[in-house]
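Asker: Now for the letters of each chain:
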Amino acid sequence: MIEAVGLTKRYGRTVAVDNLSFTVKPGRVTGFLGPNGAGKSTTMRMILGLDRPDAGRVLIDGRPYRELDRPLRTVGALLDAKWVHPNRSARAHLQWLAKSNALPARRVDEVLELVGLSGVAGRRAGGFSLGMAQRLGIAAALLGDPEILLFDEPVNGLDPEGILWIRQFMRRLAAEGRTVFVSSHLLSEMALTAEDLVVVGRGRLIAQCSTAEFVDNASESSVRVRSPQLDRLRTALLHKGFTVHTEPTAEGNALVVSAATSDQVGEIAAAQGVVLHELSPQRGSLEEAFMQLTSDSVQYRTDVSPVAGDGAAQNDRLVPAGK
Amino acid sequence: MNLLAVERIKFFSTRSPWWTAVTALALMLGMSALFASVLEPDQLAVPATQAGYDLALVVVMVMATLAITTEYRFNTIKVAFQAEPRRTRVLLAKTAMVALVAGVLGEVAAFGSWALAKVIRPAADLSIDSGTEWRQVAGVGLVWALGAVLAVAVGALLRQTAGAVTLLLVYALLVENLVGLIPEVGPDVQRWLPFTHANHFVRGTGGQPAGAEVASAPPFGPWGSLAYFAGIVLAVLVIALVTANRRDA
Amino acid sequence: MIEAVGLTKRYGRTVAVNELSFTVKPGRVTGFLGPNGAGKSTTMRMILGLDRPTAGDVLVDGRHYRDLPRPLRHIGALLDAKWVHPNRTARAHLRWLAKSNNLPRQRVDEVLELVGLGSVAHRNAGAFSLGMAQRLGIAAALLGDPQILLFDEPVNGLDPEGIHWIRQLMKRLAAEGRTVFVSSHLLSEMAQTADELVVIGRGRLIDQSSTARFVERASGTAVRVRSPQLERLRTALASTSGAGVRAEDGALVVTGLTSDQVGEVAAAQGVVLHELSPQRGSLEEAFIRMTSGAVEYHAEESGEHLHLRGARGAEGTEGTR
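Residue numbers (the numbering used here), protein chains in the order written: chain B, 722 to 1044; chain V, 9 to 257; chain R, 114 to 434.
If a hint is listed, it holds; no wrong ones were tucked in.
Some chain V residues close to chain R (C-beta under 8 Å, calculated; not the full set):
hint: 1; residue: N10
hint: 2; residue: L11
hint: 3; residue: S21
hint: 4; residue: V87
hint: 5; residue: Q90
Which bits of chain V does chain R cover? Going by a derived footprint, with three or more residues having C-beta under 8 Å, they are:
hint: 6; stretch: 22-31
hint: 7; stretch: 91-98
No wet-lab data here; the hints were simulated from the structure. We put the beta carbon where it would ideally sit given N, CA and C, even for glycine.
For reference, chain B alone in the conformation it holds in the complex (with noise of 0.2 Å):
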């Protein structure tokens, strides 16, 4: 369990952290999400102790971590990959870390082995892709089978495989319990990964709550239908009340009736004995959500709108001038 509470941190005049609260439970994986300099990294920089928060205060199982004994015993973490000294060996640089928290020496090569690096354990670290010297972050991380992991970008660098690994891995640590707390740019990644998220922007709370809620709340749910008797079905939609939009698909052109349920369309196709060859509910993504939400918190703004993205006002900038 990880809790903040009224947290704040100012670097000269700006401020970074602003009277920031939530809570992470165990047993769930929890996301943490905000856009560039939303604050997501001094966060879990205060989390870990290596930042002072200027007010508020961050607890571990109800202690500050620097009060924690044998901390990587509590909480697991992964901040930089390449936090690492470059001439060390992969092993060597876990053994010191094992021994700082007097784990027993042979937890090192089953880390080692958990995360897939047995084989390149004697090599220098500083010859590792970022792929590898991710999974050895995470390693370390589990070096003291902690209750508590914190991961920035997991999967920064990994490869498919080694991203369903870590997903996999992530939920099932979750599973087992423990309180997981990933922050990510990934959404797409972190809709199938995280059941509940914390987002921020210009380091303040801007929801805390379960990543379908989070979903549901910002984008409302439609309905895409198919029918080789799509006008009738039209004319009944429009008749009930229903906004109906068409849409051209591989298949031929279909609709997407705003604000229903797949029940209520389909019991208005079988009341009008309309054929159905498809009928979807859709589901807004959480990228939706999260843009709507944090819209005006974003750092570097691209010109290109970021919602409609038609960008046809900017599509004579492809072209040098003088051409």
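Keeping the supplied structure of chain B fixed, place chains V and R upon it in accordance with the hints.
Answerer: For chains V and R alone, coordinates are given in the frame of chain B:
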């Protein structure tokens, strides 16, 4: 011309060339000022005003090495070869740019040092009258330009700063001098080494090889020595160009 | 258009790319997928003439990269965002690149605006975050307004807004008729972006096809149906030839039939439908299935070393897999 402009933008848009150029200039002027203040006016002649030229040459070669090895270190060479796949052109443009800078810097440093000595010791006879004296001052720029080309070539061959700088420093400052100390063959070898000839060109006094006094004196006159030095530089450059075209970027 | 024919690259005794042939067509975003060490980066470097193939050939619009005059006007590439001198400003970096291909100087400011770096153009590239460096790399790729674009892991380090932006940008470039070739490990991202796929493993071609076909072939399709008259529907479907039916939390999952066919069966029986959604397998599942055996570092799957010995019982190992 375009590629020269490319190299100009690259060269002057980072700080290290400025720092090394200032260091080289300061070394030249400092040594000249030192000699001018220490020597009596009747001992002070034109060559003494150029006393710092070889130390400063080493700094100039470091500058030239960095111009190419940083491209490898930061992988911008790959971007450069992407923009212009004819690698010989890219490397020649860089070589020309660096040589030009080194040459101009050399002339500024040489005449600046000479002028500084004149200001410090107005009484000394420092007028540049003879061809020899012109060579002793103006020659600095030529040697610096060639030294820079050599450094670029070595940098392109080794592709890393530490190795290339170490090799050039150890070679120019130590190896050539120590070779002369080897009994029997040493002096005979030394008289064929490149920097011996570069020195001979800038510091040589007369038009004749001075073989009579020093065993390791070069076999040519000063201009012959310059041609010999240039030949060696050119050979290393050709090797570097051929290698760069053959290997993966 | 990019064409590779029998492309091969050996480093000593290791074969990085092995007789690879594929075509990347204009007007679509083509994803370039493969496990680590499959040879993707080597292939991209060979396309750009940076590495020399040991055998075979790769042509850009019918020509070798080295024979393209002003190549940045034909093909723009982002291979690695960190390929910038850290003490050079973003603008100076683009200025020398523009100069090398005789592009007008104002084009530099245009692309800087386009990627959203206009306000930090005077800052040294070394001080950039990975996301900003990535945008600078994209600006460099767009500099010559090229018809062909190569991106290696373009979303690396970008935040959600940046990821969305680059996805839209790539789609728009393809819609304008350009050739867009993107390599990435983020399959959930590629599933949204790529129309076509080139999949390689251990330096060899595993598959080249459209994304939809790749997923379909590897994981098949299924249709999920819900109905208040589920039993009647189930009986009807069970007697339809070629259909496989199983129940899954209050719904039926039908394999071997399209959603059109299931809908017709339901209509013939007068069954009301509450849902009829075609279920597509994920690109990830398809990819893992097709490339297993071509992976470099396998992590341990059993999880037996997850725990400090003695610290915990054996309960954890079942997990959620």
